[in-house]
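Residues per chain, in single letters:
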Amino acid sequence: MSSTVIHDHGAHDSHAAHQPSFARRWLMSTNHKDIGTLYITAAVVAGIVGGGLSMLMRAQLMYPNNTIVSNGQEWNAIVTAHGLIMIFWLVMPALIGGFGNWFVPMMIGAPDMAFPRLNNMSFWFLVMGFIFVILGLVVGQGSGVGWTLYPPLTDSTYSPGVSTDFTLFSLHLAGISSLLGAINFIATILNMRAPGMTMHKMPLFVWAILVTAFLLLLAIPVLAGAVTMLIMDRNFGTSFFEPGGGGDPVLFQHLFWFFGHPEVYIMILPAFGIISHVVSTFSKKPIFGYFGMVYAMVAIGFLGFIVWAHHMFVSGISVDSRIYFEVATLVIAVPTGVKVFSWIATMWGGSIEFKTPMLFAVGFIFLFVVGGATGIVLANAGLDQELHNDYFLIAHFHYVLSLGAVFAIFAGFYYWIGKMSGHQYPEFWGKLHFWTTFVGVNLTFFPMHFLGLAGMPRRYPDYPDAFAGWNYVSSMGAFLSGISTLVFFYVMYRVFTSKVVLADNYWGEGATTLEWVVPSPAPHHTFEDVPVIR
Amino acid sequence: MSGTVHTAKSQIRGTVPHQYHLVDPSFLPLIGAASAMLVAAGIIFAAHFSNYIVLIIGVLSAVTTMFFWWTSVVHEGAAPGVHTTITRIGMRYGMALFITSEVMFFVSFFWAYFNYFFFPSHMGVAYKAVWPPQGITTIDPFAIPLFNTMVLLLSGTTITWAHHALLENDKKNLVLGLAVTVLLGITFLCGQGYEYTHSPFLFYHGGIFPSVFFIATGFHGFHVVVGTAFLIVCLVRAMKNQFSPQQHFGFEAAAWYWHFVDVVWLFLFVCIYYFGRSAIVAG
Amino acid sequence: MRFSGWRVSLGALVLLAFGMPHLAFADGYVIAPKPWEMWLPQPGSPMEARIDHFMAFVLWIMAGVVGFVALLLAYVIVRFNAKRNKVPSTVTHNVVVEVLWTVIPAVILLVVAWPSINLIRYEADYQKPYMIVKVTGHQWYWEYDYKSVKGLDFTSYMIPDDKLQPGQIRRLSVDHPMVVPAGEKIEFEITSADVLHGFYLPSLGVQRYAIPGQIVHSWTLLTKPGTYYGECNQICGINHDAMPIEIQALPMDQYQAWVKKAQAEYADNTPNRTPAVVRPALVQLAQATR
Ligand code: HEA
Ligand code: HEA
Ligand code: CUA
Ligand SMILES: [Cu+2]
Numbered sequence: 001m002s003s004t005v006i007h008d009h010g011a012h013d014s015h016a017a018h019q020p021s022f023a024r025r026w027l028m029s030t031n032h033k034d035i036g037t038l039y040i041t042a043a044v045v046a047g048i049v050g051g052g053l054s055m056l057m058r059a060q061l062m063y064p065n066n067t068i069v070s071n072g073q074e075w076n077a078i079v080t081a082h083g084l085i086m087i088f089w090l091v092m093p094a095l096i097g098g099f100g101n102w103f104v105p106m107m108i109g110a111p112d113m114a115f116p117r118l119n120n121m122s123f124w125f126l127v128m129g130f131i132f133v134i135l136g137l138v139v140g141q142g143s144g145v146g147w148t149l150y151p152p153l154t155d156s157t158y159s160p161g162v163s164t165d166f167t168l169f170s171l172h173l174a175g176i177s178s179l180l181g182a183i184n185f186i187a188t189i190l191n192m193r194a195p196g197m198t199m200h201k202m203p204l205f206v207w208a209i210l211v212t213a214f215l216l217l218l219a220i221p222v223l224a225g226a227v228t229m230l231i232m233d234r235n236f237g238t239s240f241f242e243p244g245g246g247g248d249p250v251l252f253q254h255l256f257w258f259f260g261h262p263e264v265y266i267m268i269l270p271a272f273g274i275i276s277h278v279v280s281t282f283s284k285k286p287i288f289g290y291f292g293m294v295y296a297m298v299a300i301g302f303l304g305f306i307v308w309a310h311h312m313f314v315s316g317i318s319v320d321s322r323i324y325f326e327v328a329t330l331v332i333a334v335p336t337g338v339k340v341f342s343w344i345a346t347m348w349g350g351s352i353e354f355k356t357p358m359l360f361a362v363g364f365i366f367l368f369v370v371g372g373a374t375g376i377v378l379a380n381a382g383l384d385q386e387l388h389n390d391y392f393l394i395a396h397f398h399y400v401l402s403l404g405a406v407f408a409i410f411a412g413f414y415y416w417i418g419k420m421s422g423h424q425y426p427e428f429w430g431k432l433h434f435w436t437t438f439v440g441v442n443l444t445f446f447p448m449h450f451l452g453l454a455g456m457p458r459r460y461p462d463y464p465d466a467f468a469g470w471n472y473v474s475s476m477g478a479f480l481s482g483i484s485t486l487v488f489f490y491v492m493y494r495v496f497t498s499k500v501v502l503a504d505n506y507w508g509e510g511a512t513t514l515e516w517v518v519p520s521p522a523p524h525h526t527f528e529d530v531p532v533i534r
Numbered sequence: 001m002s003g004t005v006h007t008a009k010s011q012i013r014g015t016v017p018h019q020y021h022l023v024d025p026s027f028l029p030l031i032g033a034a035s036a037m038l039v040a041a042g043i044i045f046a047a048h049f050s051n052y053i054v055l056i057i058g059v060l061s062a063v064t065t066m067f068f069w070w071t072s073v074v075h076e077g078a079a080p081g082v083h084t085t086i087t088r089i090g091m092r093y094g095m096a097l098f099i100t101s102e103v104m105f106f107v108s109f110f111w112a113y114f115n116y117f118f119f120p121s122h123m124g125v126a127y128k129a130v131w132p133p134q135g136i137t138t139i140d141p142f143a144i145p146l147f148n149t150m151v152l153l154l155s156g157t158t159i160t161w162a163h164h165a166l167l168e169n170d171k172k173n174l175v176l177g178l179a180v181t182v183l184l185g186i187t188f189l190c191g192q193g194y195e196y197t198h199s200p201f202l203f204y205h206g207g208i209f210p211s212v213f214f215i216a217t218g219f220h221g222f223h224v225v226v227g228t229a230f231l232i233v234c235l236v237r238a239m240k241n242q243f244s245p246q247q248h249f250g251f252e253a254a255a256w257y258w259h260f261v262d263v264v265w266l267f268l269f270v271c272i273y274y275f276g277r278s279a280i281v282a283g
Numbered sequence: 001m002r003f004s005g006w007r008v009s010l011g012a013l014v015l016l017a018f019g020m021p022h023l024a025f026a027d028g029y030v031i032a033p034k035p036w037e038m039w040l041p042q043p044g045s046p047m048e049a050r051i052d053h054f055m056a057f058v059l060w061i062m063a064g065v066v067g068f069v070a071l072l073l074a075y076v077i078v079r080f081n082a083k084r085n086k087v088p089s090t091v092t093h094n095v096v097v098e099v100l101w102t103v104i105p106a107v108i109l110l111v112v113a114w115p116s117i118n119l120i121r122y123e124a125d126y127q128k129p130y131m132i133v134k135v136t137g138h139q140w141y142w143e144y145d146y147k148s149v150k151g152l153d154f155t156s157y158m159i160p161d162d163k164l165q166p167g168q169i170r171r172l173s174v175d176h177p178m179v180v181p182a183g184e185k186i187e188f189e190i191t192s193a194d195v196l197h198g199f200y201l202p203s204l205g206v207q208r209y210a211i212p213g214q215i216v217h218s219w220t221l222l223t224k225p226g227t228y229y230g231e232c233n234q235i236c237g238i239n240h241d242a243m244p245i246e247i248q249a250l251p252m253d254q255y256q257a258w259v260k261k262a263q264a265e266y267a268d269n270t271p272n273r274t275p276a277v278v279r280p281a282l283v284q285l286a287q288a289t290r
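First to last, the protein sequences are chains A, B and C.
According to my numbering, numbering within the first sequence proceeds without interruption in unit steps and concludes at 534.
According to my numbering, numbering within the second sequence proceeds without interruption in unit steps and concludes at 283.
According to my numbering, numbering within the third sequence proceeds without interruption in unit steps and concludes at 290.
Worth double-checking, as some hints may not be accurate.
[Stated by the list, open to error] The calculated EDC-like cross-link candidates involving lysine to aspartate or glutamate, where the alpha carbons are at most 20 Å apart (straight line), are:
| hint | chain 1 | residue 1 | chain 2 | residue 2 |
| --- | --- | --- | --- | --- |
| 1 | C | Lys-83 | A | Glu-427 |
| 2 | C | Lys-86 | A | Glu-353 |
| 3 | B | Lys-9 | A | Glu-74 |
| 4 | C | Lys-83 | A | Asp-504 |
| 5 | A | Lys-355 | A | Glu-509 |
| 6 | C | Lys-224 | C | Glu-265 |
| 7 | C | Lys-134 | C | Asp-175 |
| 8 | B | Lys-9 | A | Glu-427 |
| 9 | C | Lys-224 | C | Asp-162 |
| 10 | C | Lys-83 | A | Glu-509 |
| 11 | C | Lys-86 | A | Asp-504 |
What the hints contain is simulated information worked out from the structure, not anything from laboratory work.
Hey, can you work out the whole structure from these sequences and the hints?
Have a look at this one:
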């Protein structure tokens, strides 16, 4: 089939004719690619802010009795903002809003998202939320309640002032953003697939976004309810979580984690999707066990809703609940294992090229398994009693997030940047970025396992001197990953100043999804005429 | 992906023109999100500094945004060939999914209620483990609440009446059915308003029972307000002949929403008013 | 089952390099965190001993899983890179391996879950204690109320950095440690007077939230006389990192002597207790509007 099949604007020439103004293109956009670009830009900004905060944190923790952060409240506010920004404004916007917007319509052969205006509004809600979360950090004493927002600390008695209100409302705004996005993705995927693109032919990234969108749809409103009740407790005299009026602080924990656990899969499922594409492309092999991959994601999504109280093993829940939630949690390892082994089987027998995206993908697989394995340790309620809220937990979730989800973001970035910008990244600098990041983050987070086992609690700006050694190592690692981020910015600089013109399918035969049939960069309206799939 | 297809291009057999609605660039999303931020900031300012100006500006601009947004949707719907069949199916998905998310919102409030209803000991050691809490007199479920149940159930039938009339292109009955439904919605709200102002327990600093009671019923009441407004819009549009038996998604969405509000009420009535009533019932 | 060999030698090396800090108690047996520690604290209670044992079991299995995946990846990288394997295969299904990699992890998980459930039951069994200590978290100190000893209810503050005496550990030592008899089962009734706190004793394997308005139970049994440390482990405001826990276990006779002394000494240390009800006004209002 020749490329004339696709309505090809020839990207550059046709656009020069009716170039939209800056405001029309970026403030009023109804185009999924431009909105995707906006999301990715926002994610990079959030990555800089959240990453900058983490550098500050590691600088403080480098030595005991350090005074970079002036007091515990300031520390708590920084930790809270770091956690929230990384989750809601870096990982989710990059994976779902960014890559999801760019590639879901393209992969299913649709001209755009189902509700383009709503799509734009999702983005602006995110921006408004970001303003609020920053206000929550800088206004007054700062909101030092942890990203988990547990009352009574979040009540007005213990967190007076407006900063915590800003933080809570920032979650409302980000939540609305995600919710509208989720509705949009589901409607798009269910309704706008090109003729012949059956559900069971859908690329895995699309499946990943579909499952993720359902998780968002069902989980976010519960968080919104919990946050609403918190705001009412703070400002309007109710006692949902306030023991003084008969309220139950543990209720909040249930509601939060009923959202919070699906949330962690919201962050990792799109990552799974990206990794599947990258692994298949660079092994030059189709995905191994496609159906297993699809239904593993569905299973993970479903199980994600029935394990929430594994975050509450020490909140005084009953023995039977602890046993139930432990066992249910352990079950998740099975579908996740199916995914891990299927990736390896996809590579097996392949002709693998280790370009930068593939390096990040292989790094992802290995590091995610490390983080998953420590997750299994934590899932044992009997062990969690020892490890809960200490640095072993911090190590666990940074392995699945900072080394998992973020690695997938980078894999996707290097994989698709040519398609998005029309220019290829410099391979040497990409690889340098990978290796510095890989060494840096492992150096940062592996020692945290030791700190945790030895009993170092989280959210501490100062600690007993015995913990100094590993903290020092960890800080050094963090600074290395900070430097690696500078390498990444240099890569971006090179991409945007590059003059090289790219082919439609610059990865060659291994790349088989529909985004590879259109020019690079993809034209403004990808499919004016939708492709008919065999 | 399943191993049979090996290059991207060989999957494509040809092309067909697309049937979707690609909308023009618009400032409304940015303004809408900014208004929502103003509303949020306004609530904070109102609560902390008794400053209501931001809130008022925010609400006004949010309402204005919605007005213009939906007006343009209505205009697009009226233009030929814009809201194609497949586009309308997409809108149905959108509405159904939105209602699903609303259901989960209510789940969080019901969860809060059941947390105390089934486990009164969760109220803490300072309280006797009984529900409703000691000292709380509840509202008689068979007074206004039962009346309101009847009102809502009736309104569910009148909206169906309107729907059938619409399908048969019977404008008179459509308008009549809608008007009665709107009236019933307003009746419900009046009943609820009376009940709130005469409730035997206070919302502000009243402890856990009023908290869970008012948030669940209040959030529902808010949905009735929204639903009634939605129905009023439909009523106006019906009078302007904007619905046809073939194309009336706006009406359908309103009807779905109304039924959803209705079902939530039944759960509220049974779980909170009936099962959550105290032994001695006040009028 | 602990990572004994290399762990101990590495630890010894490190200790040599850093000197022997914190072991200033001439005769005391002190379990405090050690520099460069890579494993759980030395068990001070049978519960921690079990946790230690089971942790090693689970961690070894997990190390096996990770190692296995790493081996597979390494093999694939070496064997199937584009240089060595020019022509990719097209295999996309193999029922046998797909079943295997579903069933084997499930079996491994069963092996983990079974002993784990026993551990949960064991940890939850706080019945029939020798005595009960009611532990109340405050912003930012702990209060210990000896339920069986009249008038023994005192507060425990961290020693600020500038008041440290020789032998005390920065950020861990407190003014009035909780003192308990060694070898006896102690039940904790854990609660809070304000926000959530975390009653966390790593070397004893104990951790529960302190929740206002509720009582959460846990227990311990200190095998040997000595000093053990813990920390507040749930974010509780500005001084969250400054409310450590110190427990001293004494032989029974010394403990009894301490009780006598403490009853006299701490008589006026009994805290001005903030009631568990945070906003009593709420309740009154609720009742007034009946
Ligand atoms: C992307 C995010 C992400 C992901 C994917 C996961 C995945 C998992 N998490 Fe994690 N978790 C977090 C993010 C994430 N987590 C965060 C942020 C927190 C802390 C929140 C806070 O308190 O602030 C947390 C906390 C947390 C806790 C609470 C600890 C505590 O508070 O004390 C627990 C306990 O059960 C847990 C368990 C698990 C498990 C079992 C998985 C499983 O899904 C992992 C499954 C994967 C594997 C097991 C590896 C691959 C499988 C194989 C190779 C097959 C063979 C394997 C076996 C036979 C075991 N996590
Ligand atoms: C995705 C989530 C995420 C990520 C990426 C990170 C990244 C890092 N985190 Fe974070 N962290 C959390 C989520 C995350 N963290 C959460 C949820 C908490 C708990 C908060 C709480 O307790 O309430 C926490 C807590 C936490 C603590 C514990 C604080 C305490 O309890 O006292 C520490 C301590 O060292 C820490 C350090 C770091 C470091 C050094 C990094 C480094 O890896 C940072 C290096 C920087 C990057 C890797 C970002 C680079 C990315 C970009 C520049 C964007 C690129 C974008 C595109 C290509 C689109 N984090
Ligand atoms: Cu008390 Cu943290
Ligand atoms: Cu979880």
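Hint by hint, here is what the structure shows:
1. Under the criterion of a C-alpha separation no larger than 20 Å, the hint pairing C/Lys-83 with A/Glu-427 is consistent with the structure, at around 18 Å.
2. In summary, the hint linking C/Lys-86 to A/Glu-353 is supported, as the alpha carbons are separated by about 10 Å, within the 20 Å threshold.
3. Restraint check for B/Lys-9 and A/Glu-74: the C-alpha separation of about 56 Å exceeds 20 Å, so the hint is violated.
4. Straight-line distance between C-alpha atoms of C/Lys-83 and A/Asp-504 comes to about 25 Å, which puts the hinted pair past the 20 Å bound.
5. Taking the CA atoms of A/Lys-355 and A/Glu-509, the gap is near 15 Å; set against the 20 Å cutoff, the hint holds.
6. With a C-alpha separation of about 26 Å, the suggested pair C/Lys-224 and C/Glu-265 falls outside the 20 Å cut-off, and the hint is violated.
7. With a CA separation close to 18 Å, the supplied pair C/Lys-134 and C/Asp-175 stays within the 20 Å bound.
8. Distance check on the hinted pair: B/Lys-9 and A/Glu-427 sit about 26 Å apart at the alpha-carbon level, beyond 20 Å; violated.
9. At most 20 Å may separate the alpha-carbon atoms for a hinted pair to count; C/Lys-224 and C/Asp-162 exceed this at roughly 31 Å.
10. Taken as a hint, the C/Lys-83 and A/Glu-509 pair is honoured in the structure, with Cα atoms around 17 Å apart against an allowance of 20 Å.
11. Distance hint between C/Lys-86 and A/Asp-504 is unfulfilled; the C-alpha atoms sit about 23 Å from each other, more than 20 Å.
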